[in-house]
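Respectively, the protein sequence lines represent chains H and A. Quick note: the first sequence uses our numbering, first residue 40, plus one each step. Quick note: the second sequence uses our numbering, first residue 42, plus one each step.
Don't read these hints as lab results, they were simulated from the structure. Bear in mind that the values here come from a model prediction, so they are computed numbers and not experimental data. Treat the hints with caution; some may be incorrect.
[To be verified] On the chain H side, residues computed to face chain A include the following (Cβ under 7 Å): (1) Asp76; (2) Asp79; (3) Pro80; (4) Arg234; (5) Ala257; (6) Leu260; (7) Phe267; (8) Gly283; (9) Thr286; (10) Arg287.
[Said to hold, decoys possible] Among chain H residues calculated to face chain A with C-beta under 8 Å, some are: (11) Phe204; (12) Thr263; (13) Ala278; (14) Arg280.
[What the hints assert, rightly or not] Taking CB as the label site, the calculated pair distances span: (15) H:Arg261 to A:Arg131: 43 to 51 Å; (16) H:Arg288 to A:Arg131: 34 to 42 Å; (17) A:Thr360 to H:Gln323: 31 to 39 Å; (18) H:Tyr201 to A:Gly334: 37 to 45 Å.
Just so it is clear, CB atoms sit at the ideal spot from N, CA and C, and this is done for glycine as well.
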Amino acid sequence: MIRLEPRVERPRRLSVLVPLGSVVVALVLGGVIVALDGADPIAAYERILDRGFLADGALSATLIAATPLLFTGLAAAVAFRMNVFNIGGEGQFVMGAVGASAAGLAVGDGPLAVTVAAMLLAGAAAGAAWAAIAGALRAWANTNEIITTLMLNYLAANLAEYLIFGSKSYWRQLEGTGLMFPQGRPLVARAFWPRYDLGPVEVPLGFAIGVAVAVGLAVLLRTTRFGFQVRVIADEPRAARFAGIRTRRAVFVLLALSGAVAGLGGAADVGDTRHVLDPKALSQVGYGYAGIVVAALARLNPLAVVLTAVLMGGLANAGRSLQGPDFPSGLVGTLQGLILLCVLAGEAFARYRIRRVPRVAVDPEAADPVGAGA
Amino acid sequence: MAPALAARGVTKRFPGGVVANEAVDLDVAPGEVHALLGENGAGKSTLSNVLTGLYRPDEGHVEIDGNPVAFRSPRDAIEAGIGMVHQHFRLVETFTVAENVALGRRGPLARRASAALVRDLGDRYGLPVDPSARIWQLSVGEQQRVEILKALSRDARVLILDEPTAVLTPHEAEALFAVLRRMTGEGRSVVFISHKLDEVRAVADRVTVLRDGRAEGTRLLADATSRELARLMVGRDVVLSADRMPRRRPPGDEVVLRVHGVEAAGDRGEPALRGIDLTVHAGEVLGICGVAGNGQRELAEVIAGGRHATAGTVEIAGTPMGRPDPRRAHRAGLGIIPEDRLHTGLAPSLPVEDNLALLAHRHPPLAAGPFVRRRRLRERARALIDEFDIRTPGPTTPTRLLSGGNVQKVLLARELSARPRVLLAASPTRGLDVGAIETVRDLIVSAADDGVGVLLLSEDLDEILSLADRVAVIYEGRILSELDRADADVEDLGLLMGGDLVAGRSAS
Chain H
40 MIRLEPRVER PRRLSVLVPL GSVVVALVLG GVIVALDGAD PIAAYERILD
90 RGFLADGALS ATLIAATPLL FTGLAAAVAF RMNVFNIGGE GQFVMGAVGA
140 SAAGLAVGDG PLAVTVAAML LAGAAAGAAW AAIAGALRAW ANTNEIITTL
190 MLNYLAANLA EYLIFGSKSY WRQLEGTGLM FPQGRPLVAR AFWPRYDLGP
240 VEVPLGFAIG VAVAVGLAVL LRTTRFGFQV RVIADEPRAA RFAGIRTRRA
290 VFVLLALSGA VAGLGGAADV GDTRHVLDPK ALSQVGYGYA GIVVAALARL
340 NPLAVVLTAV LMGGLANAGR SLQGPDFPSG LVGTLQGLIL LCVLAGEAFA
390 RYRIRRVPRV AVDPEAADPV GAGA
Chain A
42 MAPALAARGV TKRFPGGVVA NEAVDLDVAP GEVHALLGEN GAGKSTLSNV
92 LTGLYRPDEG HVEIDGNPVA FRSPRDAIEA GIGMVHQHFR LVETFTVAEN
142 VALGRRGPLA RRASAALVRD LGDRYGLPVD PSARIWQLSV GEQQRVEILK
192 ALSRDARVLI LDEPTAVLTP HEAEALFAVL RRMTGEGRSV VFISHKLDEV
242 RAVADRVTVL RDGRAEGTRL LADATSRELA RLMVGRDVVL SADRMPRRRP
292 PGDEVVLRVH GVEAAGDRGE PALRGIDLTV HAGEVLGICG VAGNGQRELA
342 EVIAGGRHAT AGTVEIAGTP MGRPDPRRAH RAGLGIIPED RLHTGLAPSL
392 PVEDNLALLA HRHPPLAAGP FVRRRRLRER ARALIDEFDI RTPGPTTPTR
442 LLSGGNVQKV LLARELSARP RVLLAASPTR GLDVGAIETV RDLIVSAADD
492 GVGVLLLSED LDEILSLADR VAVIYEGRIL SELDRADADV EDLGLLMGGD
542 LVAGRSAS
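Just chain H, with the same shape it has in the complex (with noise of 0.2 Å):
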C-alpha cells in the first residue's frame, strides 16, 4: 500500500521545484489533449508564447491584461496568509471600479497627478468599505466570510448595474446615445492614466502601482508587527487571543486591507484602459476570481504574485489574440484550470511524501506517530 505521511520538515527548495515542475506537467497534459484534437501541441505552445510575451507588442498587452490580476491576486493572497477565505475580490473590485470612476469624473479637468491619486485613493477606500462588511461580521458577529463575501459581489454587480442601467446616477452616460443605450459616462482624455515606454515594453501605470503594491506587501508580512501577529493568527488563533494580540481587529484590519487592494485594482481598470463604469464588461472578466487561482499559483506570496499575474495575463492575452478557426479555442482556459489543478496537486508532494508501507489498519492518530508513538 502507497501511503503519502506529512513531512516533519518542509525543505526549502520544494516551494520553488513542484510549483514548477506543476506548471510542466500541466503544459505536458494540455499538449496531450491538443495532440488529441489532433493538433501539433509543440506548434500551439510556440504560438502561446510567442502571442502572450514574444512578439512585438504581446507583452505590452499582456501587462495590461495581466493589471487587474495582480490586485485581485494580492487581495486574496494577503486574505488567505491568516486564513481568511476572502472570496470577495470581485465585488471589491467593482466597488474601488465604482469609486475611482467617481474620483475620475470628479477632478479629472485637473493635474493628472492628483486625479491619479484621487482615484487610487477613491478605489482603495471603496474597495475596503465593502470588504470591512464583511470584516466585522467575521470579526464581531463570528460570520462565515466565504459566504458574506461572496454575497456582496452579487451586491456589488447589482449595484454597479443599477448605477448605470436603472438610474440616473453621476456614472452614467445622460447625453446624446446614452439615453437610448445606458452607457458610464467616459473620463476625460487627460484623466487616462499613461504609459511608460521602457523600450521594448510599454508598462502602464496601474501595473507598475501593483508592483509596489505588491512590495510593500511582503515587507508589511514579512517585517512588522501586524504581519508577525498575522503569521500567529494563522497558525493558532488561540494561543494569538491568550497572549494578548486583539484577534478580532486583526482579521477586521486584514479584510479591509485585501478589500482595498482589490479596489485599487477596480481603479487601475478604470483609469489604465476602461476610462468608463462599465459594469456588463467587470462581470464577464471575473477578474476577482481569477484572482483567487493567481494567488494559489504564487502559493500566497505577494513578489510571486507578480509572476503568477504575468503568467495568466499572458495565456488569457494570447488566447484572445489567437482565437480562430485554426487554433483550439478552448486551449487557454483548458491550461489555465490544468496549470491550477496540478499546482494544488502539487502542494500535497510539499508536504507530504510518499511512503510504501505494508498494508495494516490505519489509526487516526498514526498521522502523528511521534505523539501517538509515546
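Assemble the complex: chain H is given as a structure, and chain A must be docked to it using the hints.
Just chain A, lined up with the frame of chain H:
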C-alpha cells in the same frame, strides 16, 4: 500454562527514526493483573496498540494462548478476546450507554438486549451505569465504566487499560481496582498501563517495566521494592516522596490575585463556576486540586480573560479586570501556562524564536515603530534558549517539533521573561517525563521565590503537595476547603476531591 497474551520481540519504528518499541517481550498470565510501568514516551501506548491490532509490529509477533496471531485490524483483536480501554474514550457522546455497547457488533442494533446486558454485567462486576443515559451526561468515571462494559460485553479475556486512573478520584480508583480483581477472579487477565508506582503496587500481581521502548524486566510485585522499580523505570535513583520543595523566601503579604464571587458558564452553558473566592499573595503558591472537569479550565480562562464571568470580580496586582480581555490581564501582570500548551499557549508551527516573542514583540527593544527587529528578536531568543536550557536544534525550528518538556520551557521562558506578578499554571507537568517535571517545578518554585504569586491548578496531588504553600480543593465549581500545606492530608484531600464535605470538615 500458556500466557493468555504475549508479545515476542516486538519492534515498532516510526518515520523520523523513532523506535517506540524495541524487541519487547511480555507475558500476561491468565487471571493476573499485569502492570506495564514506564514514563511517558517509554513505549507503553505503542505496545498496547500493537497488542490490539492498531499497529502492526515491524518485527516480532503477538501470541494468544501460545499461538502466534497476526491482527490485521482492531476488529481481529476484539474477536480474539482482547479488549482495550483507551486513555481518551472512544464513545459516541450523543448515543446512550446501551447504544454505545451495541455499536460495532454484527447484526441489527439490539437496544433492549444491549440494555439488559449492560445491567447484568454491571451487577456482576460492580459497574453500575444507567443504560439509557447519554454519554455526555455521564461523569468521566462513569464513561470509563461504559468502556469496560463494552469490552466485557464482547467477552474480552484480556482487558488492556491505558492510564485508567488519570481521570479518577482516589475513591473511584479503588472501586476500579475492585472491578479488576473480580475480573481476574474469573480467569480473565488485565494489562494495567500506568506511570504511577503506588497504583501499580495496589492493583497488580506482576509488573513489566518499559524504558525507552525496551522492556527492562518483569517482576513479581511481592518481590520488588518500589525503589528498584523506580530505578528500572527512570534508569537512575530517584526521590520518591512528594516532599515539599525547599523555598528560599517565605510568601509576602501583598495580594497579587484576588478572585471574588466568580461565577461562569461552561461551554455547554451549564454552570461551571458557582462562586469562587481566592487570594494569592506575592511569593506564594496556591495549589488547587480537583478531578478534571470541576471548573479548573473555566476558572483559568476567566482569570486569563478568555471567558466571561457572569458574576464576581477578578483583580490582578490591584487592577480590576472588566470584560474578558487577555491583553489587559497580561498588562496587569498575569503570566499563563495553559493546560493545552501547544495550542492555547503556543503557535505550534511557528519557530521557537517567534513563540518566545509572542508577548515581547509589541514593545521596544523588539519593536521599532510598526516593525519587528528580527535580529534583536533572534538574539533575545538565543539568550532565553540558553537561560532556560531549551533543547532545540535552533531558534528557527518549528515549536511543535520539540519534546513536551522543551515546549513547556519555551512557554515558561516567554511568560517569566515578561516579569509577571502572578503566574497561572494549569497542569504544568502533565504528560512530561520525570526530568522535565523536575525542571518545570524548579522554575515555578524559583519564580515564587522571586516574589511571583503562583496559582497552580493540578489534578496531581503529589504535585500540589510538593509545590504549594496553601491548598484548596475545587469541586463542581466551588472551593470546598482551603488549608495550609502543613495541615493538608492526602487522604482528606482525596475525599474532598470526590466531593466528600464531611472529610473537609474534619480536616479544617
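Each hint, compared with the structure:
1. With 7 Å as the threshold, the beta carbon of Asp76 of chain H stays out of range of chain A, its nearest partner Cβ sitting at about 44 Å, so the hint is violated.
2. For Asp79 of chain H, the suggested interface contact is broken, since its CB lies about 46 Å from the closest CB of chain A, more than 7 Å.
3. With its C-beta approaching chain A no nearer than about 40 Å, Pro80 of chain H sits outside the 7 Å limit, and its interface hint is violated.
4. For Arg234 of chain H, the shortest C-beta to C-beta distance to chain A is roughly 34 Å, which exceeds 7 Å, and the interface hint is violated.
5. Nearest Cβ of chain A to the Cβ of Ala257 of chain H: about 14 Å, over the 7 Å cut. The hint is violated.
6. Checking Leu260 of chain H against chain A: minimum C-beta separation of about 11 Å lies over 7 Å; hint violated.
7. For Phe267 of chain H, the interface hint holds, the least distance from its beta-carbon to any beta-carbon of chain A being 5 Å, beneath 7 Å.
8. Taking 7 Å as the C-beta cut-off, the interface hint given for Gly283 of chain H holds, the closest approach to chain A being about 3 Å.
9. Here the hint on Thr286 of chain H is broken, as its CB sits about 10 Å from the closest CB of chain A, past 7 Å.
10. Because the smallest distance between the Cβ of Arg287 of chain H and any Cβ of chain A comes to about 11 Å, over 7 Å, the interface hint for this residue is violated.
11. Taking 8 Å as the C-beta cut-off, the interface hint given for Phe204 of chain H is violated, the closest approach to chain A being about 44 Å.
12. Look at Thr263 of chain H: its Cβ gets to within about 5 Å of chain A, closer than 8 Å, so that hint holds up.
13. For Ala278 of chain H, the suggested interface contact is upheld, since its CB lies about 5 Å from the closest CB of chain A, less than 8 Å.
14. The closest approach between the C-beta of Arg280 of chain H and any C-beta of chain A is roughly 6 Å, which is under the 8 Å cut-off, so the hint is satisfied.
15. Under the hint 43 to 51 Å, the C-beta atoms of Arg261 of chain H and Arg131 of chain A, about 44 Å apart, fit the expected range.
16. Checked against the hint of 34 to 42 Å, the C-beta distance between Arg288 of chain H and Arg131 of chain A comes to roughly 40 Å, which is consistent with it.
17. Hint check: Thr360 of chain A to Gln323 of chain H, Cβ distance near 58 Å, so the stated range 31 to 39 Å is violated.
18. The beta-carbon spacing between Tyr201 of chain H and Gly334 of chain A, approximately 56 Å, falls outside the hinted interval of 37 to 45 Å.
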